[in-house]
Amino acid sequence: MDIQATAPLPAAARADVTLQVLMIGLGSEILAIRTESVREIIDPVPLTLVPGARSFLPALINVRGNVIPLADIALRLGLPRGPETPDTRFVVVEIEVDGDPIIVGLIADKVFEVTEVQSAQSLPTPRIGARWNPDFIQFMIRWGDEFVLMPDLELLLS
Amino acid sequence: MAAILTVDDSPSIRQMVKMVLSSAGHDVAEAGNGAEGLEKAKAQRFDLVLTDLNMPVMNGIALIKNLRQLPALTGTPIVFLTTESDDAMKMEAKQAGATGWITKPFKPEQLHAVVAKLVRA
Amino acid sequence: MDLDPAEVFRQEAAELLESLESALLDLGQKPGDGELVDAAFRALHTIKGSGAMFGFDRVASFTHDFETAFDLIRKGKIAANHEIVTLSLEAKDHIRLLIEDPISTSEAPGQRIVSNLQKLLAGDGAATVSPAAMAAGPAESAIPPGGQQGWRIRIAFAPEVMRNGANPLALLDDLRELGQCTITANTDAVPELSALEPLDCLISWSVELAADCTRADIEDVFLFVRDEMDLVIEPLGDAEAAVVPEPPGLHPEVAQQQDSTPTRPATSAPTHSAERDAADRNDAVRRTDAKGQTVRVQAERLDELMDRVGELVIVQARLSQIAHAGADLAIKAIAEEIERLASGLRDSTMGVRMVPMGSLFGRFRRLIHDLSRDLGKPVEFVTVGEDTELDKTMIERLADPLVHLIRNAIDHGIESPERRATSGKAATGRIELSARYVGAQVLVTVQDDGAGLDTARIRAKAEESGLLALGAPMSDHDIHQFLFHPGFSTAKTVSALSGRGVGMDVVKRTIEAMRGTIDVSTVAGKGSSMTLRLPLTLAIIDGLLVRVGRSRYIIPLSAIEECIELTPEIEARARGRNMLDVRGDLVPFLKLRQLFCEPGDPKPFQKIVIVTIGETRVGLVLDQIIGSHQTVIKTLSKLQADAAMFSGATIIGDGSVALILDVAQLLTMSHTQRSAERPAEAA
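These protein sequences, in sequence, are chains H, V and E.
All residue numbers for the first sequence refer to the numbering used here, where the first residue is 127 and numbers rise by one.
All residue numbers for the second sequence refer to the numbering used here, where the first residue is 2 and numbers rise by one.
All residue numbers for the third sequence refer to the numbering used here, where the first residue is 16 and numbers rise by one.
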C-alpha cells in the first residue's frame with residue numbers, strides 16, 4: 127500500500143492520525159471516502175428511477191439481492207459530472223442516518239486507489255471560491271500534488 | 002473425526018451435547034427418543050452413541066438392546082447418560098450392552114474425556 | 016447460530032411443566048393410571064436432569080424429592096392420591112418460579128412443600144424418600160505402601176467386553192498415561208485360528224505400573240468395565256509372583272452366569288422391564304394420538320426463513336424468465352417445477368407464521384367489560400371469525416389500533432341507555448369484532464349499533480380548525496377522513512377514555528404502515544363500522560407487473576378490480592376531464608406517465624388498471640401489462656421516505672428493481688386532485 131504525502135508536520139501540530147481512504151473522481155475533483163464506510167465497488171448496473179424522489183437520490187439498484195438507493199453526490203455537491211464511461215463505478219457505502227445503518231450506492235466517474243493520508247495534512251475548507259458546496263465538505267487534504275475533498279457522507283445524503 | 006449420535010428427549014441436553022462435541026470437530030446427529038435413535042443408527046454408521054435412559058416411546062435400555070442386535074453396532078461404544086443414583090438401572094443398562102455411562106449433571110470436559118476415551122482413531 | 020442451552024432449557028421446562036400439570040390434573044381424576052404417573056415422572060426427571068446441567072441447581076434439588084416420590088408410585092410402592100396430586104401441583108408452581116427467578120425465589124414454600132411430601136409418604140408407609148446414594152464403593156485410595164514404586168495389575172476381561180464397545184487396548188493406553196508400564200500378555204486362552212471368534216477378548220494381561228498413583232486412579236481407568244472383568248491391583252513387590260488370572264469367561268461358574276438370565280437384579284428386573292415395555296407401547300399410542308404437537312421457534316428464525324424464501328422466489332422468477340426466453344423444453348419443464356415448489360414453499364412458510372385472530376380478540380373482553388362498567392353503558396361483545404389467521408407480526412401490531420377503535424365505539428358510538436330507549440333501541444348496546452378473508456386480504460371490522468357518525472359535527476369541527484373552508488363542498492366520505500387527522504376530536508366533552516383526538520391518526524398510520532387501509536361506514540341512528548383491510552402477510556404479495564414509459568412497476572393484485580383498454584372512444588368521452596366512463600360508471604383516473612414525469616407521448620391503446628380500496632376506485636393509465644409476479648417486498652430505505660407513491664420495491668426476473676405502487680396513496684392523490692378540480696367544474 128502506498129503511503130503518500132510524507133511532508134513534515136505543520137508547526138501547530140494537531141493530533142496526526144493516519145486515515146485510510148478510497149480516492150474517487152467526480153468530474154475534475156477528487157474525493158476521499160474513508161474505507162471503513164466502503165462495502166464494495168461494483169460496475170454500473172441497471173438503474174430504476176424513482177419518480178418523486180429527491181434529485182440527488184434518483185434511482186434504486188439491485189446489489190446482491192438488496193435494493194439500495196443510488197446517490198448522485200456530484201449533483202448534491204454542485205459538481206459537474208461527466209457522462210458514463212468505462213471508468214464509471216458504483217461505490218457501495220454504509221452510513222449511519224439517525225442511528226440506523228443505511229447502505230447507499232455512490233456514482234463515481236472513476237475510482238483511483240485505496241491509500242493513506244495524514245490528518246495533519248488537512249486544510250480547512252475555503253468558504254469562498256470553491257466550485258462545490260462547502261457545507262458538505264469536512265476538510266481538504268493533500269494527496270501527492272492534488273488537494274482532495276473529504277466529504278461528510280452522513281450530511282451529504284440526508 | 003467421529004460420527005456421534007445423541008439420543009435424549011430433552012432438547013437442551015441434546016443441544017449441549019451437540020455444542021460440546023461439534024466444537025471438538027465431531028459430527029453429531031440427534032434423536033428425541035429410542036425409536037428415532039434406532040432408525041438413525043440403522044441408516045447411518047456411528048462411532049459412538051450417547052443415550053439417555055428415561056425416554057418416551059422407546060427408553061434407553063430398549064434402545065441399547067436393539068442397537069446391540071445390529072451387526073454394524075457390535076463393538077460400537079454406547080454410553081448412557083443417567084441421573085439415576087440407581088445402581089439397578091445402571092446394571093440393567095450395562096447388561097443390555099452399554100459400554101459406559103456419564104452421570105448428569107456433567108461438565109463439558111467430562112463429556113470430552115469420555116468421548117476421547119472411547120473414540121480413537 | 017446455536018441457542019444458549021439454558022434458554023432452550025427454559026422453553027423446554029415451560030412445556031414440561033404444562034404437560035406435568037395436565038398429567039397431574041388427570042391423575043386427580045384417575046389416580047390409578049400408570050401412564051399418567053409415568054408422564055409425570057418423566058417430566059420431573061427431565062426437569063431435574065436438565066436443570067442440574069444448566070446450573071438450575073435449586074430446581075434440580077427441589078425436583079428431586081418429587082421425582083423420587085413418583086418413581087415410588089410408578090413402581091407400585093405407594094399409591095397416588097389426591098393429596099399427592101395437590102401437593103405436586105404446588106410443587107410444579109414452585110418449580111416454575113425457581114426457573115424464572117433462580118436467585119430470589121424464596122426458600123420457604125419449597126421447604127414446606129417438601130416436608131409435607133415427606134409426611135404424606137411416611138404416612139403411606141414408605142419410610143424414606145431419599146434414594147440410595149450412588150454406590151461409589153468404599154473409597155480405598157491408598158497410595159502404595161512406603162518404599163514401593165508402583166503397582167502390579169492383573170487384568171482379565173469377560174470375553175464379550177469388546178462387543179459392548181470397550182477397547183482393551185485403549186484401556187491399556189490409559190494405564191500407560193499413569194506412568195511407565197511393563198505389560199505382559201497371556202494368550203494361553205486364545206484358540207486355533209479356525210476356532211477364533213474375533214470379537215471375543217481372550218487375552219489377559221499383567222501390568223507393572225511404575226507410578227506414584229493411587230489405587231483409585233487405576234480403578235478409574237476400568238470404571239466402565241469393572242463388572243465385566245477381574246481386576247487385581249497390588250503394590251509392587253507385595254505379591255510373590257505375577258500370576259496372570261485366566262479370563263473369567265473360561266471359569267465354569269462365570270460361563271453359567273452368562274447363560275442364565277440377568278442374575279443381579281433377578282427379582283425386580285424382568286417385571287420392571289415388562290412394565291416399562293407396556294408403558295412404552297402406551298407412550299407410542301399417546302404420541303400418535305396427541306393432537307398438534309408443537310415446536311417452539313424463535314420469531315427471528317421465522318423471519319430469516321421468510322427472507323430466504325423471498326430470495327428463492329426472486330431467483331426462481333429469473334430462472335423462469337430465462338427458461339421461457341429459450342427454446343429448451345427440458346429447462347422450461349424444470350423451471351415450471353421449481354416455480355411450483357417455490358410457490359408451495361412460500362405458502363407453507365407463510366402458513367407457519369399465521370396465528371388465529373382469536374388469540375387477539377380474547378384480550379378485548381376485559382377491556383369492554385371495564386369500559387362498559389365505567390361509562391355506565393351496558394354492552395354485549397360479539398366476536399366473529401376467530402379462526403381467521405394473520406401473520407404473527409401483524410397480529411401483534413393490530414392490538415393497539417383495535418383498542419382505540421373499540422374504545423371509540425363504546426365511548427362515542429354507543430349511546431347512553433336513556434338515549435337508546437328514546438330511539439327505540441335495546442338498552443344494551445352491541446359491539447361486534449369480526450375478521451374474515453377477502454381475496455388476499457383480511458378484513459377486521461369493529462361495528463357498533465350506536466348513533467352513527469355525526470357528519471355535520473365533524474364538518475363543523477374541520478371548519479373550526481381551519482382544515483376546511485367554510486361551506487366548501489365535500490363528500491361525506493371525505494369529511495369522515497378528518498377523523499384521522501392529527502389532533503382532531505369531535506367529542507363535545509372530553510371524557511377520560513377517549514375524545515382527546517390522540518389515537519385515530521396513530522391508528523391510521525399504524526394500519527398504513529402494514530400496507531392496510533381503514534374504511535369508515537356509518538348509518539345515522541343505526542351505528543357505524545370501521546373496517547381494517549390488511550394484507551395476509553407483510554413479506555410477499557401477488558402483484559401485476561406493468562410498464563410505464565421505460566420503467567416497470569408492480570401493482571398489488573389484491574387492489575386490482577379489472578384491466579381495460581383505453582380506447583379512443585373512452586378517451587373522447589372523458590373530454591379532457593380526469594374521469595372515465597367505464598360502462599356507465601364514472602371512474603377518476605391518473606395518468607401514470609404524467610405522474611411519473613415520463614417524457615414523450617404514449618402509443619395509442621394504453622391500458623387502464625382499475626384499482627379499488629374500500630368504496631373508492633381509481634383507474635391507473637399505463638403503457639403495458641406484462642403479467643402477474645410473485646413479489647417479494649423490499650422496504651425502501653429511510654433516505655427515500657419522500658417517495659410517497661411507492662410502498663416498496665422488488666427485484667424482477669431480469670434482476671432489475673421495480674417499484675411497488677402504493678395504491679392507497681394514489682387514491683388519496685386522485686381525491687385531492689378531484690377536490691381541487693371541483694370548484695372549477697362548478698363554475
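Calculated directly from the structure, the hints in this document are not laboratory data.
Take these hints with a grain of salt, some might be off.
[Unchecked claim] Here are some, though not all, of the chain H residues that point toward chain E, as calculated from beta-carbon distances under 7 Å: (1) Ile168; (2) Pro170; (3) Pro172; (4) Val176; (5) Pro177; (6) Gly178; (7) Leu183; (8) Leu186; (9) Asn188; (10) Gly191; (11) Pro195; (12) Val223; (13) Asn259; (14) Ile263.
Glycine included, C-beta positions come from ideal geometry on N, C-alpha and C.
Is the interface hint satisfied for Asn259(H)? The criterion is a beta-carbon contact with chain E at less than 7 Å. Violated: closest Cβ of chain E sits about 18 Å from Asn259(H), beyond 7 Å.
A closest beta-carbon separation below 7 Å is what the hint needs, so does Asn188(H) meet it against chain E? Holds. Min distance 5 Å.
If you take the shortest Cβ to Cβ gap from Pro170(H) to chain E, is it below 7 Å?
-> 12 Å, violated
message = Restraint: Gly191(H) near chain E, CB-CB cut 7 Å. Satisfied or not?
response = 6 Å, holds
Taking 7 Å as the limit, does the beta-carbon of Leu186(H) come near enough to a beta-carbon in chain E?
-> 4 Å, holds
Per-residue hint verdict: Ile168(H), partner chain E, C-beta under 7 Å: 13 Å, violated
**Asked** If you take the shortest Cβ to Cβ gap from Gly178(H) to chain E, is it below 7 Å?
**Response** 5 Å, holds
Restraint outcome when Pro195(H) is required to lie within 7 Å of chain E by C-beta distance
Result: holds, 5 Å to nearest chain E Cβ.
Using the nearest Cβ pair, does Pro172(H) come within less than 7 Å of chain E? With a closest approach of 5 Å, the Pro172(H) hint holds.
Does the interface hint hold: is Val176(H) within less than 7 Å of chain E, judged Cβ to Cβ? 5 Å, holds
Practice task
Using 7 Å as the Cβ threshold, decide whether Val223(H) counts as touching chain E.
Solution key: Because about 6 Å separates Val223(H) from the closest Cβ in chain E, which is inside the 7 Å limit, the hint holds.
Does the nearest C-beta of chain E fall within a distance shorter than 7 Å of the C-beta of Pro177(H)?
Pro177(H) check passes; min Cβ-Cβ to chain E is 4 Å, inside 7 Å.
Of the numbered hints stated above, those contradicted by the structure are hints 1, 2, 13, 14, listed in ascending order.
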